[in-house]
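Chain L: place on chain F using the hints.
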Amino acid sequence: MCTLEKRGRLFLLKLTGDGEHRLNPTLLDNLRSAITQIRSDPSSSQSVLITTSDGKFFSNGYDLALAASDPPLRALMAAKLRSLVADLISLPMPTIAAVTGHASAAGFLLAMSHDYILMRRDRGFLYMSELDIELVLPAWFVAMIRMKVASPAARRDVALTAEKITADRGLEMGIVDSRHGSAAETVEAAVKLGEEIVRRGADGHVYGRMRETLLREVLHAIGSNESASNGVRNSGSKL
Amino acid sequence: MCTLEKRGDLFLLTLTGDDEHRFHPDTISSVLSLLEQAKSQSTRGSVLITTAHGKFFSNGFDLAWAQAAGSQTGAVNRMHQMVESFKPVIAALIDLPMPTIAALNGHAAASGLMFALSHDYVFMRNDRGVLYMSEVDLGLPLPDYFAAMFAAKIGTSIAKRELLLSGKKIKGEEAVALGIVDSAAHDSVEGVVEATVSLGESLAAKKWNGEVYASIRKSLYPGLCTMLSLTAKIAASP
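Residue numbers (this note's numbering), protein chains in the order written: chain F, 1 to 239; chain L, 1 to 238.
To be clear, the hints were calculated from the coordinates, so they are not data collected in a lab. Heads up, a few of these hints could be off.
[Claimed, not checked] Capping the alpha-carbon separation at 30 angstroms, the derived lysine-lysine pairs in DSS-like fashion look like this: (1) L:Lys207 / F:Lys56; (2) F:Lys56 / F:Lys14; (3) F:Lys164 / L:Lys160; (4) L:Lys207 / L:Lys6; (5) L:Lys207 / F:Lys164; (6) L:Lys206 / F:Lys164; (7) L:Lys55 / L:Lys169; (8) L:Lys206 / F:Lys56; (9) L:Lys207 / L:Lys55; (10) F:Lys164 / L:Lys39; (11) L:Lys207 / L:Lys169.
The shape of chain F in the complex, shown without the other chains (with noise of 0.2 angstroms):
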């Protein structure tokens, strides 16, 4: 499901497995034990996530089969989709996304939830695929996108033309910040960013603070929609 591996200062989180990495109750849970782990370890503020992929994929979004199977699950999905993106905003560390696989709709979430955007440009798009299967956006997968998008046309892109992006066309509108020949070059060049930014030597406490600062809006909508389907708030970003 996923693995977390520390090399150095740097935690490694891998979406393990050949599938879609489809964001079902089991791998979000994973997930957030994961970054529940890295907060608890000792040297966490000085030191990076790199979140990637195994395979074709870097997350096709909700497990939408089960969801149809069980609706009670969608609603669960989303709390815990967004507890974890909670969490990520709160993280003390910068966060990188290596993205050497399909990311769709709330697969894009989670890679617009880290600081930094890394793609390999051979393969592989960011799609917010909602549109095309007759899905409104959450306010708070909005707010991110208003955060992350900085141009209307970009941000109009993205959730009304359903474009499916390439790391060259991310890099244009900013949503990439660097584009790699090949999924092993894209790993490399993220953990090369990541031991650069070690360097620096930030103060983790600090940087997550500020990050939390400048992505108030989607926490706050993210608690908007907590509050909205009456559901237990995540507290594991209060440190």
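Relative to chain F, chain L alone:
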């Protein structure tokens, strides 16, 4: 004054005649009624393309009609009437259950530019036509829903300043560079229309659910929707 034509999946809204297509209570009312018609006839894959004949897309509100009231108070009232009655036109566009494309044949100024920007995609000519927010030159403040549109659709501080505070007449190439329009690649009105029809057809081919499309559009512009009293009907989506 204005017509609505159907060509396959495409609704073509045209401001007809060789005049400035100024927004006057009658034109506003006609445009609104045609937008309502398009909405009522919309199906999966519907797309709206708005264009105009002549040198102007639209040169804004009919200020001469306002002045013809004969008194300062009368003019102010007539201006107010136009500003208020235009709001539902903008709301109708933001709420329209289909992608919308503005094909600018010529100049778009003030409420004419507002009308253009209310579309999802804006194409203009390279060789002719300017975008011009004349308010600063005319000494008119921006209505609140105009300001909300610009906040929603214009990305950079520089572009906002150039458009709203400089009184500049912005040509195609600069409009693209500032991110105000999507394209200014064509040197003729035929070129622009052809390009918008081509885009329209590719969007139509997606056969999108119009209600979902409109809902996603509204969710992108929450501040604007509040000004227009539009609620993004986000159902039970996680």
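30 angstroms Cα cutoff - pair L:Lys207, L:Lys6: holds (16 angstroms)
Given the hint that L:Lys207 pairs with L:Lys55, test it: the Cα-Cα distance must not exceed 30 angstroms. violated (34 angstroms)
Starting from L:Lys207, check that the Cα of F:Lys164 is at most 30 angstroms away, please. Holds, because 17 angstroms separates the two Cα atoms, which is no more than 30 angstroms.
Holds or violated: are the alpha carbons of L:Lys207 and L:Lys169 at most 30 angstroms from each other? violated (38 angstroms)
Just to be careful, I want the Cα atoms of L:Lys207 and F:Lys56 compared with a cutoff of 30 angstroms; is the pair within it? holds (27 angstroms)
Pairwise hint evaluation, L:Lys160 against F:Lys164, where the allowed Cα distance is 30 angstroms at most: holds (29 angstroms)
Does F:Lys14 sit within 30 angstroms of F:Lys56, going by the straight-line distance between their CA atoms? holds (13 angstroms)
So if I understand the rule, the pair passes when the alpha-carbon distance is 30 angstroms or less; does L:Lys206 with F:Lys164 pass? Distance of about 13 angstroms is within 30 angstroms: holds.
Satisfaction of hint between L:Lys169 and L:Lys55, Cα-Cα up to 30 angstroms: holds (15 angstroms)
Within 30 angstroms, alpha carbon to alpha carbon, are F:Lys164 and L:Lys39? holds (28 angstroms)
Pairwise hint evaluation, F:Lys56 against L:Lys206, where the allowed Cα distance is 30 angstroms at most: This hinted pair holds, its Cα atoms lying about 25 angstroms apart.
When the structure is compared with the earlier hints, violations turn up for hints 9 and 11 and for no others.
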